[in-house]
Each structure stands twice: as structure tokens, then as C-alpha cells.
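Asker: Listed below are the residues making up each chain.
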Amino acid sequence: MQVKIIISTVAFMLTMVIMGYAALREPARMETYTLMYEARSMEAGATIYHNNCTTCHGENGKAEECYNGDGEQIACAGRSLHNADLLCGATSKRMSDMQWLGSKHAFIAGTIAAGRSANGMPTWGAEYGGSLEPYEVEYVTKFVLNWETEALCSQPTLPPPDWPETVAELPAGNAANGEQLYSIDLGCAACHGNLAEEGSNAVGPWVGNFQNLDNVRIEGYTAADYMYESVLLPSEFISPECPTGVCAGPPSGMPDNFGTRMTIQDMADVMAYVLATETFEGNQTIVYEP
Amino acid sequence: MATLFDEIREMGLKQAAIAKLDDVVERVTAGMNINDIRAMLRGDEPRKPNPRLRPHADSFWLHIRPSFYHAEVTHIYPTFRLGWLSTFAFVWETITGIFLMIFYTPSPDVAFKNMWEIMGNVPLGQLMRDMHRLGAEFMVLVVALHMLRTFITGSYKKPRQFTWLTGMLLLVFTLVLSFSGYLLPWDQLAYWAVTVAVSAAESHPGPAFLGKNINLLLRGAPVIGAGGLLRFYLLHVILLPLLTGIFIFVHYYKVIIHGHSLPPGREAIGEDTAKRVPRDERVYFLPDILTAEVMWTALTTLGLVGGATFFYHAVIESHADPLVTPLHVVAPWYLSWSQGWLKWLFEVPFTGQELDSKVIVAFGIIPVLAVMFFVMPYFEVGRSRRYADRRVGLSVSMAFITFMLISNWQGSPEFRVQSTAEQEVQQRIMPQEGHSMVLEVPYEEWVPGTYLATEAEIERMIREDRPHIAETLELYMTALYDWSCTNSGSDLYRPCEVTDDGLYTNGVKIDVLVDPYAAIVVKQAQENMLEIKVQIKVDDPNAPVDFYYIRYRHQQGGYEIY
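If you read the protein sequences in the order shown, they are chains V and S.
Take 401 as the starting number for the first sequence in the working numbering and just add one per residue.
Take 2 as the starting number for the second sequence in the working numbering and just add one per residue.
Heads up, a few of these hints could be off.
Residues from chain S that keep clear of chain V, each with C-beta distances beyond 10 Å, as calculated [unchecked claim]:
id: 1; residue: Trp117
id: 2; residue: Leu172
id: 3; residue: Tyr253
id: 4; residue: His436
Examples of chain S residues toward chain V, derived with CB under 7 Å [what the hints assert, rightly or not]:
id: 5; residue: His314
id: 6; residue: Val316
id: 7; residue: His320
Please keep in mind that the hints were generated in silico from the structure rather than gathered at the bench.
By construction, the Cβ of each residue, glycine as well, lies at the ideal position given by its N, Cα and C atoms.
Based on the provided sequences and hints, a complete structural model is requested.
Answerer: Below, the structure is given as C-alpha cells:
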């Protein structure tokens with residue numbers, strides 16, 4: 401009996417030592433596991449993103465390179481997510497544009513879950529009729545937020561080009577370059593459709609008829625004036641005809657960052673392609689103030 | 002009656018306090034005062050009348066324990082303490098389970114997150130979870146061994162048939178308890194194991210509404226969701242523990258009534274002398290048996306705590322997803338035999354008509370076996386418990402154990418489950434769920450680029466001190482060897498042959514890869530996350546393959562530790 405009591409006591413003490421050891425390493429271990437859960441949520445989010453989001457936002461989230469199901473490059477319909485406008489600062493630029501008061505996390509999660517009709521962003525959250533469960537929306541949100549890095553947010557923002565105040569000052573445009581920019585690089589086609597095919601537009605108005613818009617939408621604006629203003633300052637005047645009815649806004653569903661994304665030559669090329677002319681005539685003064 | 006105040010006046014404060022304490026101790030122990038306990042611990046003979054017997058008559062906790070045992074049953078043989086260990090495991094599971102309940106909500110929205118919070122946000126939470134899971138495996142094991150021991154020593158025979166029957170109930174409760182706990186983490190492992198098991202009800206051969214309704218009752222909805230999780234949770238934390246607790250008491254009470262059966266050779270054939278213990282062969286519960294039990298408690302606790310701290314971690318897979326079935330879903334090891342049986346082919350004799358194995362197994366073999374086990378002692382009425390007289394019974398039991406072990410192996414994916422060769426290779430190095438060599442490579446070892454599954458690449462990795470990648474590529478090559486053949490005379494693979502169905506074979510597996518190009522392609526997905534792609538290509542025009550599978554690996558993913 402004494403032996404048994406001694407064995408019991410020793411075993412009990414050893415148990416306590418092991419528990420003590422486990423307790424001592426707990427703070428560090430818990431920290432690691434918390435990070436692990438975050439990390440694995442992001443990994444799962446990456447898989448969901450890869451399967452559902454890349455056709456419009458691109459594999460790297462910059463909406464620069466998008467492919468359709470057959471592997472052909474197409475215009476990216478989505479906005480850039482790997483982007484300082486979305487991710488940097490407690491209230492990022494896009495949040496303040498939307499007058500969003502909540503957190504950045506809720507802004508992104510809400511956009512994924514509910515979608516945005518103005519931009520053609522589909523509804524993903526199951527609670528709104530989409531295909532992703534709430535936890536999946538959470539995972540994708542964490543993945544998108546993980547693009548926020550110091551490098552991204554400390555990038556100096558390049559000053560926009562010195563946009564001329566009249567379209568006549570634009571250089572001569574090259575329609576062939578313009579087609580490449582319109583259809584793929586700048587992603588215009590994703591919303592505005594194919595110039596040759598009325599009704600091919602998905603979200604924004606069809607622009608195949610823009611060359612006939614002298615004095616139509618806004619009195620005193622040539623087609624070139626109208627297009628120039630619409631690209632640089634999309635919320636100034638919002639077109640009445642979108643494929644889903646009246647176009648959303650203000651602010652317009654059209655991204656307002658083309659003034660910083662495009663060069664002056666890009667603008668001339670795209671206008672040359674859409675308006676089928678190399679030089680532009682206008683009678684308005686358009687001042688670019690982002 | 003003297004009040005405490007009177008006693009203090011009479012005896013002084015110290016003496017009165019001692020007398021009062023003595024009194025309290027005697028009440029709490031239902032019959033033993035301080036001196037009795039001290040004498041017991043010193044190993045003195047008890048005074049008369051023996052106060053150590055009174056707790057067995059008067060106290061709640063000891064009234065289901067015999068006051069003395071036959072010395073013959075206090076050694077390791079014949080009981081191996083398995084019955085007691087089963088009870089210990091039940092108590093262990095209750096305590097660790099209550100701890101886990103505090104941090105768990107049975108809802109699909111949060112259950113999975115709760116598991117990670119238990120591991121990352123609750124001090125000693127992971128240890129508790131590991132101990133609960135380890136304790137559950139331990140409980141299944143000791144309960145099964147206890148049953149086996151009872152069979153081998155013939156202790157189920159008259160008059161203990163009913164004890165055996167309650168024991169069978171407890172075995173079933175243990176299995177269902179363990180299995181109902183399986184669903185609670187709400188990960189892929191949980192979801193699919195339970196979905197497969199519950200779907201057996203659907204195959205009910207009776208009227209369709211019956212199977213459909215049983216299924217509905219278990220799942221709480223057409224598919225397992227919030228309702229199903231809540232039901233399994235309630236089964237796991239209320240109904241089954243309650244039933245198990247009750248039947249443990251019945252089982253114990255029967256042991257008091259009939260005594261522990263002696264080793265078979267110790268009594269004359271057909272006699273049961275367990276209750277007639279000669280005075281000189283008695284070992285009293287107090288103090289000897291109790292001390293032994295305390296010792297086994299301390300040792301088992303040490304084993305489980307140590308095991309869960311250093312060796313065993315309960316797994317967690319990714320979040321349950323009803324739309325994605327992982328490759329190779331398996332039942333828990335203690336039910337693997339049933340999965341093996343499901344893979345059998347059943348045919349009607351003579352006509353050769355194929356039968357649904359689900360129906361045969363779930364509504365034929367298992368219920369028949371269960372009933373046979375329950376009522377076995379009432380039909381197996383041979384008088385002798387001696388091994389020499391029970392050669393047939395013991396042989397049958399050994400054959401049955403062998404059969405179950407083989408069935409268990411048949412439950413594994415190795416038996417009659419094969420997906421495409423490239424998926425099997427991928428499964429080996431980077432499966433959808435579970436242990437993955439590729440993910441366990443430390444993040445820092447990867448440099449974006451293409452890693453070919455070749456000897457030269459392995460040598461390069463060893464030269465550059467990247468041992469985990471080298472190891473992974475080696476496993477990759479082994480898996481490729483198993484699932485590939487060569488038409489070009491490569492010395493990496495066995496030569497290709499063609500089966501009658503026109504499929505390539507390497508002599509071991511059918512429908513294999515022909516001279517595959519295999520690589521792991523690593524890209525930077527985000528600043529702290531890699532995209533890892535397992536890529537397999539075959540150019541052979543008869544069996545072309547262009548396969549890839551992608552997983553992401555975050556710097557903090559921690560696969561190398563958990």
C-alpha cells in the first residue's frame with residue numbers, strides 16, 4: 401500500500417509538472433495558433449478568390465490581367481482590389497467616396513456579400529441570395545485585406561498628367577492602340593461592351609453610338625467634349641441609359657480614377673477608337689480636379 | 002443535547018473543536034472518524050465492529066462498490082482493470098467535456114471558429130481538447146478490451162448474463178457518444194464522416210417514408226445543418242452521458258450482487274463462488290482497493306496529460322462544406338470495419354442479382370450481429386468457464402477479431418477505392434485535407450519557381466540545404482513510381498502494359514500515368530502568401546493528362562507544428 405501511495409504521489413506531481421510546463425508555454429502557443437487561424441482563413445479565402453473572382457479582378461487583384469474560361473485575355477470588369485485607394489488608411493479613399501462610416505473590413509465584406517449593381521459586382525453572400533456562406537465571405541475579406549502592406553500604402557501617388565482643358569489640345573489618336581486599351585488594358589469593354597454590337601454592354605451605357613452625340617446629351621457639348629469629360633469626371637453628368645435601367649449615381653458607377661491611370665496619349669487613343677476620328681473638336685473647357 | 006457552546010465550556014476550545022471535526026469527518030465518510038482513517042492509512046487492523054464496512058452500507062458513493070474483493074481478482078489478471086478504466090474514462094470525458102462546453106456554441110455559424118478559439122484564445126484550451134479526444138479514443142479502446150476480456154474469461158456466464166447485456170449497452174453508448182462528438186467541430190472530417198453514416202438510414206428497405214423520416218429525425222433537415230448539429234450536440238452532452246451514467250450504475254450494482262468472477266481455473270466447473278470469499282482471502286475495499294484505484298487514476302491521468310501534451314493533437318480540417326466532398330472520406334478507426342463491409346459486393350445466390358450493400362450492412366449484418374452479442378450469454382450456456390473446455394468459443398472469437406481487423410483494413414481507401422492516378426499522387430503529397438508534406442515545408446524554404454520531381458532536383462535541394470523540399474520531392478517520386486509506367490524505357494518507372502480494357506497498367510495499378518511530367522510550381526500570391534501548384538502532365542495521345550491542383554500557403558500557416 402505504501403508503494404502505491406508513493407507511486408500515486410509521484411505520478412500526481414509529474415502530472416502537475418507537465419501541466420505547469422504546458423501553462424508556461426501557453427501565451428506563446430496561443431499567439432501562434434491565433435495567427436495560424438488568421439493565416440488559414442486567408443489561404444481558404446485565396447482559394448475562393450482564385451475560383452470566383454479572378455475573371456473580373458485578375459489573379460493579382462489589380463484588375464490588369466483577366467482571362468475568360470477559354471484562357472483568352474479579356475477586359476477586367478472589376479475594380480482593382482490590390483490598390484491603395486481601397487486598402488490604405490483607416491478610412492480609405494473608396495470608403496470616403498461611399499461615405500462609409502463602418503470599418504474597412506465591413507466595407508469589403510459588405511461589398512462582397514451584397515454586391516454593387518452600379519459596378520456589376522454580383523451578390524455573393526448566401527444571406528443575399530449568393531453562393532458564398534458567411535464564413536466564406538469572411539475568408540475572402542481577410543484575403544483581400546492581406547494585400548494591404550506597408551509597401552503598397554507608402555507608394556508615392558504620382559501626380560496626374562497635366563490634362564489639357566480642351567479636347568483640341570489632345571494629340572492625334574491612334575485607333576488601333578485605342579482598341580487594345582478599350583478592349584483589354586483599361587477594361588472599358590467589360591462594362592460598355594463591344595462598339596460594333598449594340599446591347600453588348602453589361603453595366604454602363606453602350607458607347608458605339610458616341611460619335612453621334614454632338615449636342616445630344618448635354619447642350620453645347622461635342623461628342624469629344626462629352627466623352628472627355630465622362631472619362632475624367634464621370635460623376636459630372638450621368639448617362640440616362642444603362643442596360644439595367646437608369647444609370648446609378650451620383651457618384652457614378654464608373655470609376656473616377658482614369659484621370660490618374662491614363663496618359664494623355666492613352667486618352668487620345670481611346671477617343672480615336674470610340675469616336676472614329678484622329679483629331680478632336682470641342683467647344684468646352686473641362687478642368688480636371690480629382 | 003449539548004450544544005457546541007456547552008462543549009466548549011466543558012472541554013475547552015481545542016478539545017471541543019477536535020471533537021466537532023471528528024464528528025464532521027464521521028458524518029462525511031458515513032462511519033469513519035479521524036482515528037479510523039489514520040489507522041487505515043497506517044495499515045493497522047480495524048477495530049470492531051469494523052468501521053471500514055459502514056461506508057459501503059451508509060454512503061452513496063461506496064454503496065455500489067463491494068466492501069471486499071477476493072484476493073484472486075485484485076491482481077492485473079484477470080480483470081486488467083479494464084472495467085475500472087472505462088469508468089475512469091467516462092469521468093475524464095465528462096470533466097474535459099464540461100470545460101469545452103463553456104467555449105462552444107453548437108451552431109454552424111460559429112462552431113468551427115469556436116474550435117480555433119479554444120486552441121488560440123483559451124489558456125490550456127488545446128490541451129483540454131486534445132485530452133478529451135485522446136480520452137475518447139482511450140475509452141473506446143478500453144471498453145472494447147473489457148468486453149473481450151469478459152468473453153475470454155467466460156465471465157458473462159450465468160449468473161452474470163444481465164451484466165453482460167448492460168455492458169453491451171454501454172459499449173454501444175460509448176461508440177455513439179464518440180461518434181456524436183465527431184460532428185461538433187464542424188470541419189470537413191466531421192461533416193462527411195457523419196453524413197456518410199447517417200445516410201445509411203436512407204437505405205432502409207421498408208417503406209420509403211420510414212427511411213426518409215429516420216433520416217430527417219437525425220439530420221434535422223434534408224441535409225445536416227444547424228438542426229443536425231444541435232441534435233448531435235444534445236445527444237452528445239445530454240442524452241448519451243445520462244444513459245451511460247445510469248447504466249454504469251446498473252452495471253456496477255450487478256457486480257455487487259454477483260461479485261467479481263474468479264479466474265476460470267479457480268473454482269469447480271459450474272460453480273460460482275465469487276460471493277463466498279474465505280476470510281483469509283478477502284481484500285477490503287478500504288483501504289487496499291481504494292489505494293490501488295487512486296494509483297491507477299494517477300497513472301492514467303499522467304499518461305493522458307503527458308500524451309496530449311507531447312504526442313497527440315486532435316486534428317482539425319477545414320470548415321465543413323456540403324458542396325465539397327474531400328477525396329477518401331474515412332470513418333473513425335473504431336467504425337472502419339463497417340465502411341469495409343459497405344464495399345463488399347452482395348449478390349443473390351444463383352440469380353447473381355446485385356444487392357445494395359448499404360441495406361445489407363445497415364439493416365442486415367449489423368443488427369443481427371448486435372442482437373447476437375446482446376443475447377449471447379442466454380444461449381451460450383456451456384457450464385465450464387475453463388479455457389480448455391471452450392476451444393470452439395475462443396477460436397470463434399479469435400477468428401472474429403481477425404475478421405474485424407481485416408474489415409477495418411478494408412475500410413481504408415487502399416481497398417477498392419481508386420480515383421485517377423494523378424489525384425492519387427496529389428493526395429499523397431498535398432491532399433485536400435489532413436497531413437500534407439508540401440504544406441509542411443517551412444515557408445522560408447520555398448523560393449518561387451518550378452521544382453521538378455527528379456533526382457537531380459532532390460540533389461540540388463540537399464546541396465542548398467532545403468531538406469523538407471528534398472523529402473517532399475522524394476515522396477512525390479515514390480508516389481509517381483506507384484502510379485506511373487513508362488513507354489520510353491525510362492528507368493524511373495515500370496514498363497507499361499495494356500489491359501484488356503485498353504488501359505495502361507504498371508502491373509500493380511491500373512489506368513496509370515505514362516511517362517509523366519511532374520512538378521511543383523510555386524508563385525508569390527501575396528507578400529506573405531505562396532501559391533503552390535502540383536502539376537502533372539502526360540503527353541501520350543491515348544491517355545493525355547493535364548492536371549493541376551493549387552493550395553495556398555501563408556507564412557504564418559504553421560503546418561509544420563500543427
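Asker: If a hint holds in the structure, say so; if it doesn't, say that too.
Answerer: Evaluation of the provided hints:
{"no.": "1", "hint": "Trp117", "result": "violated (4 Å)"}
{"no.": "2", "hint": "Leu172", "result": "holds (29 Å)"}
{"no.": "3", "hint": "Tyr253", "result": "holds (22 Å)"}
{"no.": "4", "hint": "His436", "result": "holds (15 Å)"}
{"no.": "5", "hint": "His314", "result": "violated (11 Å)"}
{"no.": "6", "hint": "Val316", "result": "violated (13 Å)"}
{"no.": "7", "hint": "His320", "result": "holds (6 Å)"}
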